[in-house]
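Here the protein sequences line up with chains A and B, keeping their order.
Under this note's numbering, think of the first position of the first sequence as -10, with each following residue one higher.
Under this note's numbering, think of the first position of the second sequence as -10, with each following residue one higher.
Each hint should be verified, as a subset may be incorrect.
Stated by the list, open to error - Computed Cβ-Cβ distance ranges for the label pairs, DEER-style:
{"no.": "1", "chain 1": "A", "residue 1": "190", "chain 2": "B", "residue 2": "131", "range": "28 to 34 Å"}
{"no.": "2", "chain 1": "A", "residue 1": "158", "chain 2": "B", "residue 2": "223", "range": "39 to 45 Å"}
{"no.": "3", "chain 1": "B", "residue 1": "195", "chain 2": "A", "residue 2": "190", "range": "52 to 58 Å"}
{"no.": "4", "chain 1": "B", "residue 1": "352", "chain 2": "A", "residue 2": "258", "range": "31 to 37 Å"}
{"no.": "5", "chain 1": "A", "residue 1": "155", "chain 2": "B", "residue 2": "223", "range": "37 to 43 Å"}
{"no.": "6", "chain 1": "B", "residue 1": "347", "chain 2": "A", "residue 2": "158", "range": "45 to 51 Å"}
{"no.": "7", "chain 1": "A", "residue 1": "309", "chain 2": "B", "residue 2": "399", "range": "39 to 45 Å"}
{"no.": "8", "chain 1": "A", "residue 1": "151", "chain 2": "B", "residue 2": "-9", "range": "35 to 41 Å"}
{"no.": "9", "chain 1": "A", "residue 1": "315", "chain 2": "B", "residue 2": "195", "range": "21 to 27 Å"}
It should be emphasised that the hints constitute simulated quantities derived from the structure, not laboratory data.
The beta carbon of each residue, even a glycine, is placed where N, CA and C say it ideally should be.
Number of protein chains: 2
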Amino acid sequence: MKAEILATGDEILTGAVIDSNSAYIAQKLEEAGVEVVRHGCVGDNVETIAAILKEISTRADLAVVTGGLGPTLDDITAEAAAKAAGVELVFDREAMSCIENFLKTQKREVIASNKNQAMVPKGSVCLFNFVGTAPGFVFKIGVCLFFFIPGVPYEMRRMLADGVLPWIDKLQKERSFSLVKTISTFGLAEAAVNERLVGLAEEFPGIRLGLRAKFPVIYVKLYVRDKDEDRANILLEKASESVLNKIGKCAFSTDGKSMEAVAGSFLCREKATIAIAESCTGGLISHLLTNVPGSSDYFLFSGVTYSNKAKIKILGVAEATLQKYGAVHEETAKEMADGVRRVAGATYGISTTGIAGPGGGTGEKPVGTVCIGIAAPDFVEGYRFNFQFNERLRNKKKFAITALDLLRRKFLV
Amino acid sequence: MKAEILATGDEILTGAVIDSNSAYIAQKLEEAGVEVVRHGCVGDNVETIAAILKEISTRADLAVVTGGLGPTLDDITAEAAAKAAGVELVFDREAMSCIENFLKTQKREVIASNKNQAMVPKGSVCLFNFVGTAPGFVFKIGVCLFFFIPGVPYEMRRMLADGVLPWIDKLQKERSFSLVKTISTFGLAEAAVNERLVGLAEEFPGIRLGLRAKFPVIYVKLYVRDKDEDRANILLEKASESVLNKIGKCAFSTDGKSMEAVAGSFLCREKATIAIAESCTGGLISHLLTNVPGSSDYFLFSGVTYSNKAKIKILGVAEATLQKYGAVHEETAKEMADGVRRVAGATYGISTTGIAGPGGGTGEKPVGTVCIGIAAPDFVEGYRFNFQFNERLRNKKKFAITALDLLRRKFLV
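Same shape as in the complex, but just chain A:
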């Protein structure tokens, strides 16, 4: 079955609101084994909506349409649907009682505009809304079965779960399993990841490959759809092994985890703790690590020490080191990492000191230079990198993930 998704509403069309509904619905339809082939969006205009509904009605087996079912004047989806099908709008008692019931739970009165919400195209079937006034409806136009549901995300999700997906399940005679596996990688550019995976699709017929960049991490996604769930799983495992062989140490998770989550799992498993001394990353490493629920078990302390004074006073960096090498140097990074580890009494210490830009670069140490220190009991090392993203936030992100990756490569892999 091929499906399309249509979002209606001026607020989405003009970009005032980002349409997150369509992605949500697409995921749920894919999970239900329905292939989504197109998304669309048009504004609050009867003619425009009717025109695109007609187009969809010639192409898709089913469609989910969000928005325009509310009580206000610009809620005109039912009218557009009736127009597209060439039928009239009729008053639906079931829809009306659904509205009345909801308003009763809210201790609100039924007003005239609510009655408009019970007007649906002749021949449609009502979908109940338990969390809002707008009832949905199911209606066939041409070869396509349309599900009209509200645009308010909360109401949309509820009606999708309660009304739309069970309906689709019944329609599917032959259910196929749709699986996906995500491998997280860091250290190779998107093009380089792609280059390494050339030939994978031919090697594993039935596997669909997708790359997704969430700077600076590249996720490799493997999709498979099969009527036999075991066969799908085996194929996915084999393809995944092949990807891991090709990507090597740059792959850091086989279930799409973030770098900070991988670091967190490692620390939990080892019953180890960590402390961070951040200069150029300005708190980002700490923010990332503490985004992971339960991080208070292993995250002890981070000192964001922009000034030399703070590096000396809080982390115990020697004034002589700063004078001899400067703030951005491997030796300083080492003392910072070891210092913060000792101050906090942590197993591991990580430090960053560098130049995120846009100012502060020199010939010898241009913007994008970062020195990273990694410390553990009986271990301390300093590293230097130069990245060139020419944007402060991107440099910070690249520095932060590189620091966590160094810890991973040294102690996890």
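With chain A's structure known, arrange chain B on it following the hints.
Frame of chain A, contents of chain B only:
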């Protein structure tokens, strides 16, 4: 001029990624005086993309297409465009030198797949990419002028600003001035902001109002278009004043600044410095403050003190305070803020201590509870809030911006 926006990519079609590009482009086109009439999205398939390009080529005056220009196998937009127009792909020297220049700045080699990126439909004009390898191109199919630009948001935004919008400006014969003013607000929900601004459009005909949420900040956008620039400016100023009156102290910038940028400007102006003691925000306040270029002038130190030990050792919080009140308390927050201010020798100190969740909540201090301390010379105060977002990252964001907002309300307003 009527425009359509098309996003390509399996990751968007399947809902793995929410398409925020289309909303961004829609806003920019609207600001440039172009009416956006439809958005679409299809997957990484040559036939499908070619088919929708053909459809658009019969309807729209111009179209912006994102995605599928990368170096990988599923980057097939150029091929689809050539197919839709019935022309061949040709090697574009200008595109290739653009790719080579970019890779040189990155100290990266040109690999075979990069060369594919320089293959564009015959008759198209290259759009330079200064921040990535994927060049864009402009190409007419049917009656419609298509702008093909990358899907990576960072590259897309840059190419839109440098290549697409200037081109569209030239196309517009009768130039009308399109102005926009953005007022940043914090502390009112989107519905509440909307409620306060009811009637604004009637009060100021010619002004179009848009709300944009970037959690937890709500941006009020005022758009005006007029052939007379002075008249447009005067109308915008009047409408802006009216918005400020209606929103009150919750408005914190009249030029769309972020809270951290507003705090930074204030500190610069006052030649003051700041230090942060973060518990539940885990480094986010520091990360936000240090995202502002030049923040090293006023940002001295942040201690992310998850553990009580760190609160005592680094910030000098009294053990007795922690024993008497616990970590999450106004008194502890006060000592943290004052402590970090003294340790760092800063003008101002800010602290946070609370429960971001999902675990750690109690009946008295549920998830979403945060205590914030604000310290200055001769001033220290503690505050308590309870927010209920049930999501760790949202709680962290709300806590962090609330802390900066308290500083603003106390010392800036």
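Mind listing which of the numbered hints don't hold for this structure, in increasing order?
Numbers 2, 5, 6 and 9, in rising order.
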